[in-house]
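There are 2 protein chains.
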Amino acid sequence: MVNFDKEKVEKTLREYLDPSVNLILQIGNYILDGGGKRVRPYLVLKFSKALRGYNEEKDYILSAALEYLHTASLLHDDVVDGSEKRRGKPTVNRVFGNDTTVLVGDYMYANALYLFSIYGDIDMIKNVSDSVKKMAEGQLLELKKIADFETSFDDYYKIVLGKTAVLFGSCCYVGTALASSDQNLKDMAYNYGLNIGIAFQIVDDILDYEGKEEKVGKSLMNDLKEGKITYPLLVIKEELKDEDKSFIKSVILDKNPPMENLLKAKKIVEDYQGVEKAKEHARDYVRKAIENLKDFPDNKDKEDLINLAYYIVKRDI
Amino acid sequence: MVNFDKEKVEKTLREYLDPSVNLILQIGNYILDGGGKRVRPYLVLKFSKALRGYNEEKDYILSAALEYLHTASLLHDDVVDGSEKRRGKPTVNRVFGNDTTVLVGDYMYANALYLFSIYGDIDMIKNVSDSVKKMAEGQLLELKKIADFETSFDDYYKIVLGKTAVLFGSCCYVGTALASSDQNLKDMAYNYGLNIGIAFQIVDDILDYEGKEEKVGKSLMNDLKEGKITYPLLVIKEELKDEDKSFIKSVILDKNPPMENLLKAKKIVEDYQGVEKAKEHARDYVRKAIENLKDFPDNKDKEDLINLAYYIVKRDI
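First to last, the protein sequences are chains A and B. Numbering-wise (the numbering used here), the first sequence opens with residue 1 and increments by one. Numbering-wise (the numbering used here), the second sequence opens with residue 1 and increments by one.
Isolated chain A, as found in the complex:
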């Protein structure tokens, strides 16, 4: 994340939270202080600067609004998953309770849309609220598809769009819309965001198969352990011989599969080149993302966006 005024982003994030109830400020600061790379604000600011040449105050405000949407979804996620820790700190739900966490998430969603009603326009709100719908839809589908071997590519995409890609897309859309009314550019920016989002998620899936535990920051083979079919398995699922298929099905259905079985499943996926194919597909999405930028002017900011796309598939894969 280069050539990016992260300090101003952090300042804006705290300035526009603006609740009348102190508890929200306290929890808001707790989660904002937890850190994060601020990829979403980065995307907004890069696209608007790529087109306008500089960033205006409202770019920062709407980049904060999009980070609030992300934060709201993390808060609700932690309630949904019953998570204990995030970025090494106890989650908000552990410290303040599920009730408070749900409501602070609601506040952040509403505050984001409120900021869009003041500093944005109706077209941005349409794009952003559509993304929030898809985020909820994707997470619901993910819950429903747990331990379901019949998970399809279509299901996977809906899940991944909701998890990461649509909000990335909205950040790019909003960044572009802040500096241009060209619908083609806005759509291309949105597609760039979707494509890097999908690539990002596939890489995440790969890292769960064969990352280095100390770098990934959590134990491996978590997805399969939780009964989730992710890209490396999805991409070779139809090729599996009956006995391999039965074995993997049994692992997915097992609520607490022993590590031995997880490692055997991993070996099967690797034998069918699942991880290799997943890497290849992630690179395809990165290529598509870069193609989406072709109508944007060539400058330093576009270069940073191209490098961001490359960086996604370079994360230790």
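Derived by calculation from the structure, the hints in this document are not laboratory data. Check each hint, because a few of them may be wrong.
Because identical chains cannot be distinguished in the list, a pair is counted as satisfied if it fits within a single copy or across any two copies.
[Stated by the list, open to error] Below 25 Å or equal to it, Euclidean Cα-Cα: the simulated SDA-like pairs (lysine to any residue) are:
1. Lys11 <-> Val39
2. Lys58 <-> Asp121
3. Lys145 <-> Asn22
4. Lys228 <-> Leu23
5. Lys85 <-> Asp99
6. Lys144 <-> Leu23
7. Lys144 <-> Tyr16
8. Lys144 <-> Ser20
9. Lys267 <-> Arg14
10. Lys58 <-> Arg315
11. Lys144 <-> Asp18
12. Lys228 <-> Gln26
13. Lys144 <-> Phe96
14. Lys145 <-> Lys279
15. Lys249 <-> Arg52
16. Lys228 <-> Phe96
17. Lys228 <-> Pro19
18. Lys302 <-> Asp33
19. Lys245 <-> Gln26
20. Lys11 <-> Pro297
21. Lys8 <-> Tyr54
22. Lys255 <-> Glu226
23. Lys228 <-> Asp99
24. Lys89 <-> Asp99
25. Lys145 <-> Gln26
26. Lys37 <-> Lys255
27. Lys58 <-> Asp123
28. Lys6 <-> Lys277
Dock chain B against chain A, hints included.
Relative to the frame of chain A, chain B by itself:
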């Protein structure tokens, strides 16, 4: 609720839920089928008809959007409160789990804003998203003020605005904005909504003190039992003699006060005329609400809105 095409409201509510994930439709229908008076759509439709003379399709769509916001807040409320039943049916969180309930609520919030981005305008979105912020703020404050004898009028209003009044206000604002661009009318409509909302909540508080259990549909003195200071107590709190004050404080701090103590507290509040004064104040809010309608044309729909305001304080008090 008279002169009101409730059937068309019900049809619209089901038509515009429109999720790509079937589970949302299933849960959406479960909660919509639970019924409800649809006060919020009623307010939207009455205001737009009072000004335009008839209702357009988009009035119905945005009245559904506002009912989705209400539904989303009920879903999240049930998670926050850990409720078991609503309108005699097991709550969504009991049947489908807290995780799903939170996400379906998120979907409904987002869908409502999405519909506003298509059928409404930026000014409506500003008003509505501000209300959603205040709803979350009010509920958080209510959680925080439990067992706090120092709850002030200011706290009470923030809580009540969030619980009922701001969404009523937004319904009236949107209904007016659908048929008029007169800012004064929009503001007056919003104030009418706030005033009937506050009156409604004060009446609710009174019913918890002295309603008929079979009519209220739940046991009495629930608020005090849960440590909540509501209007009949709030309005006489500063007049309490030391021994009465200490007794009521002890009841509020007691996590499970015996009925005997609740009844003694009720008697004290009644002796200080708390319930009488609350009734009087509720009537004041209804009077203010009716005054807010003075610039609206005199017709059948305005009459219905006046009667609705009167009806609120007539509910068995």
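To see whether the hints hold, each was checked on the structure:
Proximity of Lys11 to Val39 under the C-alpha cut-off of 25 Å is restricted to the intra-copy arrangement: shortest distance 16 Å within a copy versus 42 Å between copies. Both within a single protomer and between protomers do Lys58 and Asp121 lie at most 25 Å apart by alpha-carbon distance, with minima of 12 Å and 20 Å respectively. Taking the shortest alpha-carbon separations for Lys145 and Asn22, only the inter-copy value of 12 Å comes in at or below 25 Å, while the best intra-copy value is 39 Å. In this assembly of identical chains, Lys228 and Leu23 lie within 25 Å of each other by CA distance solely across copies; the values are 18 Å between and 36 Å within a copy.
In the homo-oligomer, the alpha carbons of Lys85 and Asp99 lie at most 25 Å apart both inside one protomer (17 Å) and across protomers (17 Å), since each shortest distance falls under that limit. Taking the closest pair of Cα atoms, Lys144 and Leu23 come within 25 Å of each other only across two copies (8 Å); inside a single copy the shortest separation is 33 Å, beyond that limit. In this assembly of identical chains, Lys144 and Tyr16 lie within 25 Å of each other by CA distance solely across copies; the values are 23 Å between and 36 Å within a copy. Proximity of Lys144 and Ser20 under a CA criterion of 25 Å is satisfied inter-copy only: 13 Å between copies versus 37 Å inside one chain copy.
Proximity of Lys267 and Arg14 under a CA criterion of 25 Å is satisfied in neither setting, with 47 Å inside one chain copy and 48 Å between copies. Taking the closest pair of Cα atoms, Lys58 and Arg315 never come within 25 Å of each other, the shortest separation being 32 Å inside a single copy and 48 Å across copies. For the identical chains of this complex, Lys144 and Asp18 are inter-copy neighbours only, at 18 Å across copies versus 36 Å inside a copy, given an alpha-carbon limit of 25 Å. When the C-alpha separation of Lys228 and Gln26 is checked against a cutoff of 25 Å, the pair qualifies only between copies, where the shortest distance is 23 Å, while the shortest distance within a copy is 35 Å.
When the C-alpha separation of Lys144 and Phe96 is checked against a cutoff of 25 Å, the pair qualifies only between copies, where the shortest distance is 11 Å, while the shortest distance within a copy is 28 Å. Proximity of Lys145 to Lys279 under the C-alpha cut-off of 25 Å is restricted to the intra-copy arrangement: shortest distance 23 Å within a copy versus 53 Å between copies. Neither within a single protomer nor between protomers do Lys249 and Arg52 lie at most 25 Å apart by alpha-carbon distance, with minima of 52 Å and 61 Å respectively. In this homomeric assembly, Lys228 and Phe96 come within 25 Å of each other (Cα to Cα) only across copies, at 20 Å, whereas the closest approach inside a single copy is 29 Å.
In the homo-oligomer, the alpha carbons of Lys228 and Pro19 lie at most 25 Å apart only across protomers (23 Å), although the nearest pairing inside one protomer, at 38 Å, exceeds that limit. In the homo-oligomer, the alpha carbons of Lys302 and Asp33 never lie at most 25 Å apart, since the shortest distance is 29 Å inside one protomer and 51 Å across protomers. When the C-alpha separation of Lys245 and Gln26 is checked against a cutoff of 25 Å, the pair qualifies neither within a copy, at 50 Å, nor between copies, at 32 Å. In this assembly of identical chains, the alpha carbons of Lys11 and Pro297 never lie at most 25 Å apart, being 30 Å within a copy and 49 Å across copies at closest.
For a Cα distance limit of 25 Å, the shortest separation of Lys8 from Tyr54 inside one copy, 14 Å, qualifies, whereas the shortest one across copies, 50 Å, does not. Within a single copy, Lys255 and Glu226 get their C-alpha atoms as close as 7 Å, which meets the 25 Å cut-off; across copies the closest is 39 Å, which misses it. With identical chains, the CA atoms of Lys228 and Asp99 are at most 25 Å apart between copies only, with a shortest distance of 17 Å across copies and 27 Å within one. Taking the closest pair of Cα atoms, Lys89 and Asp99 come within 25 Å of each other both inside a single copy (19 Å) and across two copies (22 Å).
For a Cα distance limit of 25 Å, the shortest separation of Lys145 from Gln26 across copies, 16 Å, qualifies, whereas the shortest one inside one copy, 36 Å, does not. Taking CA atoms no more than 25 Å apart as the test, Lys37 paired with Lys255 passes in neither setting, with 33 Å inside one copy and 43 Å between copies. In the homo-oligomer, the alpha carbons of Lys58 and Asp123 lie at most 25 Å apart both inside one protomer (16 Å) and across protomers (18 Å), since each shortest distance falls under that limit. For the homomeric pair Lys6 and Lys277, neither the shortest alpha-carbon distance inside one copy (36 Å) nor that between copies (55 Å) is at most 25 Å.
Of the numbered hints given earlier, the model fails hints 9, 10, 15, 18, 19, 20, 26, 28; all others are met.
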